[in-house]
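There are 2 protein chains.
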Amino acid sequence: MARDDRTLPEAHVTADDVATAAGVSRWTVNRAFRKDASISARSREKVMQAATRLGYVPDMRAASLASDRSNLVALLVDDFCNPHKLVVLEHLTRSLRRAGWDTLLVNTLDEADAGPALLNASQRRVDAVILIGVQFDDEALKTAIAARRFRKLIVFARFSRNPDTINIAVDDVAAMTELAEYVAARGYRRPMFLAGPRTSSAHLDRKETFLAFWQARFGTEPPCTSVAAYSPTLATEAVTTALSDRPAADLPDVIVCENDALAIGAMDAIRHTLGLRVPEDVAVTGFDDAPQARSVAYRITSFTQPVAEMADYLVEVLDSSEDRDFSRLFLGQLKPRASA
Amino acid sequence: MARDDRTLPEAHVTADDVATAAGVSRWTVNRAFRKDASISARSREKVMQAATRLGYVPDMRAASLASDRSNLVALLVDDFCNPHKLVVLEHLTRSLRRAGWDTLLVNTLDEADAGPALLNASQRRVDAVILIGVQFDDEALKTAIAARRFRKLIVFARFSRNPDTINIAVDDVAAMTELAEYVAARGYRRPMFLAGPRTSSAHLDRKETFLAFWQARFGTEPPCTSVAAYSPTLATEAVTTALSDRPAADLPDVIVCENDALAIGAMDAIRHTLGLRVPEDVAVTGFDDAPQARSVAYRITSFTQPVAEMADYLVEVLDSSEDRDFSRLFLGQLKPRASA
DNA sequence: TGCCGTTTTGCACGCGCGTGCAACAAGTTT
DNA sequence: AAACTTGTTGCACGCGCGTGCAAAACGGCA
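Each protein sequence line maps, in turn, to chains A and B. Numbering follows full-length UniProt numbering, in which position 166 of the first sequence is assigned residue number 166; successive positions increment by one, without gaps. Numbering follows full-length UniProt numbering, in which position 14 of the second sequence is assigned residue number 14; successive positions increment by one, without gaps.
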């Protein structure tokens, strides 16, 4: 690391140093760094000059300690297989940062780690926790909520029935109904549903909606397969296992997948391990409109989530000091493509 | 949010509360929460019981403020297109969290944002900054280093010639030489190189190495194309543009890509927009051994980076208090697959 | 029991900033 | 020009914990 000890910035420049340099009091210095402070343009200018000259930036730890607002949110993630997660991360961190929020990325290491991860976040006194994942068991959430450990607990892009939680997600029922209508309208009659892990707290209603729709429309219950994670690889294995050695007449004519991660894996299985064609032999639908789903290699019929809009709304929720239920469902858009 | 005001945990349980509840002093309480503290098993037990009963966890802000160690690192990321980044994020956050480090995920919004992002991190008084991306211009780094704003500045999975920076990466020269040897040994003679964005600070030596190798071996300079980001979509477009309308004899026989993100896009272009076969018409190689590259749909000849190992080493570096150059190059492994 | 060496515990002080209010300066009205 | 309003600045105190040291408790041995 830098070793020339003659340089000026003595690592820890405090507001006091800037104050004496600018000929004002320490409080004026800190005021200069807050946008809503009552300070004259002239002294702010003086302060800012001295600050940049000395290389001073206010210490958020101390600010947070004194004000009891950390401007920090924790993002708990447990699912790094799903490529769509990268899109979500990008949008969230972008919107948050633009609005002045910092993001703590917490990897929920395994199922037993949800509680410790939550505790970890609370040690940093984050202003809110955002859950983006599947394996948050209700117990851990309940204790966290009961202990009033977080001001806001947000479940993003999934749905939680927990009343103490703020849900920001796409309306799965509306979305999946539209998608099911599409599948039916295209003449598919032997669907198979490919689902991800089943969880209690952070849920998706896609499977239930599709099955209910099909039951109501055609009076039959489509077969389902599920995998332990939203991983294309696992999906490939699952579909291969489920469909190999079946006579063509016995194959589903469409695989409806809970999201694109699974749809990608399913298509890989159909095309590369089963040697069939999409959509001629078996069609596929997904959800999320992930970048890969849009690529020329897949062209998956999918459903967009307005992630950018959802992320902006999340920031609104964070900035608001009202005490009401901020939960909100968004509407996505069906994206018909070549896969179905 | 929870509204039943009769519950006990009054949001802010402090060590003093626990102290009176446990019948010890506040200092004993805080000692109980540090693993290397001198405290009797009995009083730690007492403290811990009282703490869990009251729902107390130490406040890291205050701890950090007093001790001048935040146990926080900032992860600056500017490239969310490359699916491999998710793998890197998973390994880093996992290793860091296991070792007790928290991670600040900072989205470097655009090229001009590198400086502000660095400042942002320094306001949180992070113990180290980890750079995972491309567009960190040298100026921003230089000022940050000059201001001694960070104890450690780590460039992960890329190489920086800046002497004040700790580089943890794969030995690109060794790796690309091995890959080039492989390509040559397989009989390819008309390679094209597909590169990502060129940057000054956080660099990759893959292109230079490949070109130098080919020059030395065959005396010719292979053509190059480059794209503005490690995005499969951009790679597809670039390859399509570069190769369409070419007679078959004029096509490259292999496209050597700087990483798998580009290789995936290249394969998509070859197969789906140019209507050719991989590897029969044009072969492809990648780098990173991303999950998709391993999938049955691609089977890309690639090169692993020992990301888990690199992440663990990173933690070692963070934990060390020595003051030396921790830079280290790792060796990866060639993964020959069907694409070349 | 009494003495000594070894844990274990308690404490004053400071980390850097925000809060709320009081003091002050500048600008406005009659 | 005096009284007032508005805008600006200074300050005591506290946020919750770590540091280093001094006081107290403990355990073993004679």
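Derived from the structure by calculation, the hints contain no laboratory data. This structure is a prediction, so every number in the text was calculated from the model and none was measured. Backbone N, C-alpha and C define an ideal beta-carbon position, used for all residues, glycine too. Misleading hints may appear alongside valid ones.
Coverage of chain A stretches by chain B, computed from C-beta distances (three or more under 8 Å per stretch; other residues unrestricted) [as the list claims (entries may be wrong)]:
(1) 46-60
(2) 97-108
(3) 293-300
(4) 305-318
Label pairs and their calculated CB-CB ranges [stated by the list, open to error]:
(5) B:R161 <-> A:R277: 49 to 57 Å
(6) B:D281 <-> A:S226: 33 to 41 Å
(7) B:R246 <-> A:P116: 28 to 36 Å
(8) A:A146 <-> B:E45: 17 to 25 Å
(9) A:D325 <-> B:E45: 37 to 45 Å
(10) A:E139 <-> B:A174: 43 to 51 Å
(11) B:E45 <-> A:V173: 45 to 53 Å
(12) A:D110 <-> B:S327: 47 to 55 Å
(13) A:A249 <-> B:R186: 53 to 61 Å
(14) A:E316 <-> B:R69: 28 to 36 Å
Hints, one by one, checked against the model:
{"no.": "1", "hint": "46-60", "result": "holds (count 5)"}
{"no.": "2", "hint": "97-108", "result": "holds (count 8)"}
{"no.": "3", "hint": "293-300", "result": "holds (count 4)"}
{"no.": "4", "hint": "305-318", "result": "violated (count 0)"}
{"no.": "5", "hint": "B:R161 <-> A:R277: 49 to 57 Å", "result": "50 Å, holds"}
{"no.": "6", "hint": "B:D281 <-> A:S226: 33 to 41 Å", "result": "39 Å, holds"}
{"no.": "7", "hint": "B:R246 <-> A:P116: 28 to 36 Å", "result": "57 Å, violated"}
{"no.": "8", "hint": "A:A146 <-> B:E45: 17 to 25 Å", "result": "24 Å, holds"}
{"no.": "9", "hint": "A:D325 <-> B:E45: 37 to 45 Å", "result": "41 Å, holds"}
{"no.": "10", "hint": "A:E139 <-> B:A174: 43 to 51 Å", "result": "49 Å, holds"}
{"no.": "11", "hint": "B:E45 <-> A:V173: 45 to 53 Å", "result": "51 Å, holds"}
{"no.": "12", "hint": "A:D110 <-> B:S327: 47 to 55 Å", "result": "32 Å, violated"}
{"no.": "13", "hint": "A:A249 <-> B:R186: 53 to 61 Å", "result": "43 Å, violated"}
{"no.": "14", "hint": "A:E316 <-> B:R69: 28 to 36 Å", "result": "35 Å, holds"}
Of the numbered hints listed earlier, those contradicted by the structure are 4, 7, 12, 13.
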